[in-house]
Structures are given as structure tokens and as C-alpha cells.
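Since chain Z is already given, all that's left is putting chain A on it; use the hints.
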Amino acid sequence: MSLQDFFLNLGYNKNALFVGLALAATCGLLSVFIVLRKMAMISESVAHSGIGGYAIALLIGYYVDYFNHPSWGPILSQVVTAVFCLVTAFVIGYVAKGKHVSEDSAIGIFLVASVAFGLLLLRFRTTLPPRALPAGYPPRPRVADVENVLFGGITGVSQMEVFIAVGAMLLVFAIVFALYNEFVYTTLDEEMARINGVRTSLINMLLLGMIALVVVVGSRMVGAIMITALMVIPGATACMISRKFNQVVVASLVICVVSVGGGIIAASNPPLGRYPTGPIFVMILFLVFVSVWVIRKVFKPKLEAHSDGAGSPEPLGEDAHPHAHGH
Amino acid sequence: MTFVPLVPLPHTHVDAQSDLGTHQGVDVVCVHGVSYAYDHKPALVNVTIHVKQGSTLGIIGPNGGGKSTLLKLMLGVLQPDSGNITILGKSPRAACLDGGLVGYVPQRHTIDWTFPITVRQVVRLGRIGQKPLFKWFSAADNAAVKESLNAVGMSEHIDRPIGGLSGGQQQRVFIARALISKPKILFLDEPTTGIDQAGQEQFLQLLDELKKQFGLTLVMVSHDLRSVVAVCDRVACLNKTLHYHDRPKGLSKDVLFRVFQCDMDAVLDTHSGLHDHTCCEHDHEGHEGAGCGHDHSAANSLAKPAFSLAPPKRK
Chain Z
1 MSLQDFFLNL GYNKNALFVG LALAATCGLL SVFIVLRKMA MISESVAHSG
51 IGGYAIALLI GYYVDYFNHP SWGPILSQVV TAVFCLVTAF VIGYVAKGKH
101 VSEDSAIGIF LVASVAFGLL LLRFRTTLPP RALPAGYPPR PRVADVENVL
151 FGGITGVSQM EVFIAVGAML LVFAIVFALY NEFVYTTLDE EMARINGVRT
201 SLINMLLLGM IALVVVVGSR MVGAIMITAL MVIPGATACM ISRKFNQVVV
251 ASLVICVVSV GGGIIAASNP PLGRYPTGPI FVMILFLVFV SVWVIRKVFK
301 PKLEAHSDGA GSPEPLGEDA HPHAHGH
Chain A
1 MTFVPLVPLP HTHVDAQSDL GTHQGVDVVC VHGVSYAYDH KPALVNVTIH
51 VKQGSTLGII GPNGGGKSTL LKLMLGVLQP DSGNITILGK SPRAACLDGG
101 LVGYVPQRHT IDWTFPITVR QVVRLGRIGQ KPLFKWFSAA DNAAVKESLN
151 AVGMSEHIDR PIGGLSGGQQ QRVFIARALI SKPKILFLDE PTTGIDQAGQ
201 EQFLQLLDEL KKQFGLTLVM VSHDLRSVVA VCDRVACLNK TLHYHDRPKG
251 LSKDVLFRVF QCDMDAVLDT HSGLHDHTCC EHDHEGHEGA GCGHDHSAAN
301 SLAKPAFSLA PPKRK
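Chains as they are written, first to last, in the working numbering: chain Z, 1 to 327; chain A, 1 to 315.
Note that these hints are calculated values from the structure, not bench results. Please note that a few of the clues may not be correct.
BS3-like mimics (lysine-lysine), calculated; alpha carbons at most 27 Å apart, straight line [as the list claims (entries may be wrong)]:
1) 131/A to 99/Z
2) 41/A to 97/Z
3) 41/A to 302/Z
4) 99/Z to 135/A
5) 146/A to 97/Z
6) 146/A to 135/A
7) 72/A to 38/Z
8) 131/A to 182/A
Just so you know, these numbers come straight off a predicted model, no measurement behind them.
In isolation and in its complexed conformation, chain Z is listed as follows (with noise of 0.2 Å):
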């Protein structure tokens, strides 16, 4: 096969391109904060819900035929999920302030049920007897669509999808550079943050609506079952690049979208052609997790930046033990 070829074949999957790259450079930015913030798991709970979201989403588009339409129908079953993610989130949340359950627990147990409502729904689906849809609309999702929201695909991609992913992105690159700084401060010390003036609860239910769109509009490709990688491993691999706020976030948007775009296109060729999408990203993006790792590990490069060189005379003195505890 000629290079050409290989990337023609990316012409059929022009859309899922499109998509993969907006999506990419979404989780790129959000990863650093949710990293930083230890919010991989409310993240991953939030991604497994959408699971119970979609199949909610399905059931009404049985009995509601405007759910199947073809231009708003993905729009109406897509704010369905996020609405579902995001009332998940915000219970998890509110179950974890109470003192009765731990906000460990409560993930671990919202994440499951989610998961089970989910699949025991899309189950109930498949015992409806046929329903017809009015002239003119396409068909009823089928098992292999459903296959594609758990695990991902890249096949039929529609156009509307990418006007949907292009759009997130812009929406969330939007509310993150208008209030870069008071995302910075919330993750860095969310107490002091409240305490000069930063309105931190905004500030956090922007970042779990943020997430919940991004699990919305990645489930397609990725899978729900596997969105947290892009929302997770993106942010931990570039905390080991760099101690500068601003290079993280940069380094965490180019190591997402070259990962997703690689692998789609090695998902658009022959060898990985009928392989779900989800996974090749997933382990694309772990082996460069994996590389950078053993760098920081093997070879221990400097990261930070002294601008006197370690060890210079600390001109006011100080402690002796940098990092002592206790008196």
C-alpha cells in the first residue's frame, strides 16, 4: 500500500477526523485541570453514566419518533445524555458532602449503577416489537451503534456530528481562556480562591458540565467506557514534561490530538480497519504515557528551571531540611 493510499482511505472518514481532532483538543485542555484537581474518577463516573443516558436517550426515541429525525434527532438524544451525566455528577456530589458516605465510595457506586441501569435498559430495548419511523427518516440505531457508544467507532460519522464536536470545542476553549485564571486558582487551592473572591463553585460546575458535553460528544468515537483516557492520561503525561502551568496544558493538547489523529488514521487502514476505535486510542495514548515514563524514570531529566542553578546560597537563609515537618 502507497502512502497515498493510506491517507485516501482517511477520505471516507473525513468526518470522523474532523470530530476525533475537536474532541482531541477538548480533552487535551480539560485534562490538565481535571488531573490536577484528582477528579480522574468523578470524570470516569460522569463518562459511565452516559451509558444510562444514551439508553434513555434510545427508549425515548422508540416511543417519540422526533428523536430519530435526521438533523435534530442526535442533537435531542445527545442533551438527553448530558442532561442524565450531568444530574449524576451533581448527585455524586451531593451524596459525597453528606458524612454518611465517603466521595470514593459514592463514585464507586453511582459509576456501577449507571453502568447496570444502562445495559439492563438497552436490553429491555431489544424486546420492543419493530416500530415504524415516519418517510424520510433513517433507521433505528442498530447493535453495531450501540457497540460504537461503548467502545467507539469511526464508521458514518455524520456532518451534524462534527458541526456538534466542532461547536463543544469552541464552547469549552470559550469558558476556559475567559476564566483561565480562575480555573488555575480553583485547581491550585480552591479555599484560597474562595477567599480572594473567585466564585469557586461556578468555577466547578463549569468544569462538570464541561466534561459531561466532552463525554457526550466523545462517546461516539471513543466509548463511553473509555473517554476517561482522553480525559486522564493526556494531563498525567505532560505533568511529567514540564513544571510550568501553561507548557502542561500546551504539552497536553499535543500529546491528545496527535494521538487520536494517529489513531485514526491507523483505524482507517486495512490492518486496525474493523478494530473499534476506543481501544486504539486508549493504547496509543498509553504507550506514550508508558514512554514518557520510563524517560522521567530511566534518564531523570531536570525539569525545573532554576534561574541560580541549584544549590546557590539562599540569600535570606533558610531552613536547612527544605521539605522538614514537624518542628
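Chain A in isolation, oriented as in the chain Z frame:
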């Protein structure tokens, strides 16, 4: 205010004969009759504290004595169950949101020091309240960062990631962040914890310089009696209630034992008789289960320091 002879009452109050009546100056922080409970478990009971402009108040007390709770109330993070607090005539929350009134130096362990961020960025975040929403920081903000870092002697570390700093340097970064908004009152939470003796002395010296340079009023919470006495001109001893609120030289052994060692029952016992060290120790052993063991030794070593212990005041 009428003259009241000093009696070591169990739930002692503001020392009425002392500086509150005589000392010149305006109260910048007024804590009046404040009580606060976590889930019906009282943390503070009827606390009244006044902080004069330009003074340095040290709030001391054992762990769990309500020091941090009081600080959170003064910063508007918590709302008192009863009583009220004003900071320069405003509510604590309003004073914090004003931006130019209150600076806060939290404990060093409140943040993850491996967080990928430079000193410049951390200090600049202190100006987030003055920055218009949806705007990034301006050149003026960057100039303020340099000025603030200069004041704490950290300007050459401006582009270093915070992960590479020593404990004392981390403390200075926090102070620079608090100072960048040009506050009138600086609150410090356990500022000397985890810094060795030499570092502490330099730190306290720095605080003194900053206080003069910026005309600050300092409110410092600490269980480190030595540093509080060294730097503060007013002390408040807090263990659920206020046991003492005056100049540090008036601090008696009696008060210290009440605050640092005994739980509230023991305090009541202490009040009834002429208790001295041994009596208190006896009481203390009776309440060993309350987990005062550590504080006991701490208070013992602290009872010796460089200030003279006045004899317990009694009628």
C-alpha cells in the same frame, strides 16, 4: 468601661482593665460574642476579640481549640452561629471580596507543592479579585508581582516552579501572594510550622519589617507559643472559649495550663481552688484519654521561654 479586678474566671473574657480601654487606635477586627458549632459540637463559645490597628495579635491554643475555626470565621469561609464579626466595618466576606483589605497566608500544607506552576503565577493569583472577570492579568499585575516578591526577598526566584522551593521560601511565596493586593490586615495560619529555628527567627523578623513597611495589622494563629510571644503585642488564648486576651507579658502559667492542657472540666476545677502546676498535672492525668499528652510536653517546654512569667493574678 468600668474597672473590673482581674479574676481568673473559667470562661474568661476580654481583660477589661487592660489596653482595650487605654490603648489608642481603632479596632480593625471586631469579633463579638461569636459561637460556632460543627454539627452541634461546639468549637467556639462566646468569643470576643478586638484587634487594634497596627497591632499584632497572636491567637494561641491547643489543636482542636478552635483557632482555625475562628480564622475561617474572620475570613468569611464559615458563618458564626451567633454573635458577629466585622472587619473594618464590613462583614468578613465583603472585606475579603473588597480585595484591598484582607490578606491571608494559609498553612503551607494546604497546597500540593508538586503542582506545575511558577512562583510568578502563584503570586499573581493573589490579584484575581481586582482583575475584571474574563480578563487576563495585565502588565500592572506583573509589576505588582515583582514588587511583592521584592518585599519578601524572593524576586530572583520569580520564574522557578514552586516544587523546587524550600519550606521557608514557600512561606514567603504565600506572603507575597497575600501582600500583592496591598491589604491592611494580614491573617496568618500557623506560619512557623515546619520551619526550623533559624528560619523561624528570620521569618518573624521579615514579618516585623513587612508590618512597618506596609503599615499592616497582623493576626497570627499558632500553637507555637514561643514565636507568638516573640512577635505579638497582643495574645488571645483560645480553647473553645477565650481564656486570655491581652499583652503577652501578662500571660501566666495558670492561663497556659488552662489553655493548653486541661479540658473544660479541668478548667472549672482550676478555677475553684488555688491550683498550681502539680494540681493541674493531676487534673491532666485524670483526663489523659482526651489526648492532651502531646500538648502537655509542648506547654512544659514552652513555659520556659524568653519571657518572664508573671505570677498568676488573683484577687
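Contradicted hints - numbers only = 1, 3, 4, 5
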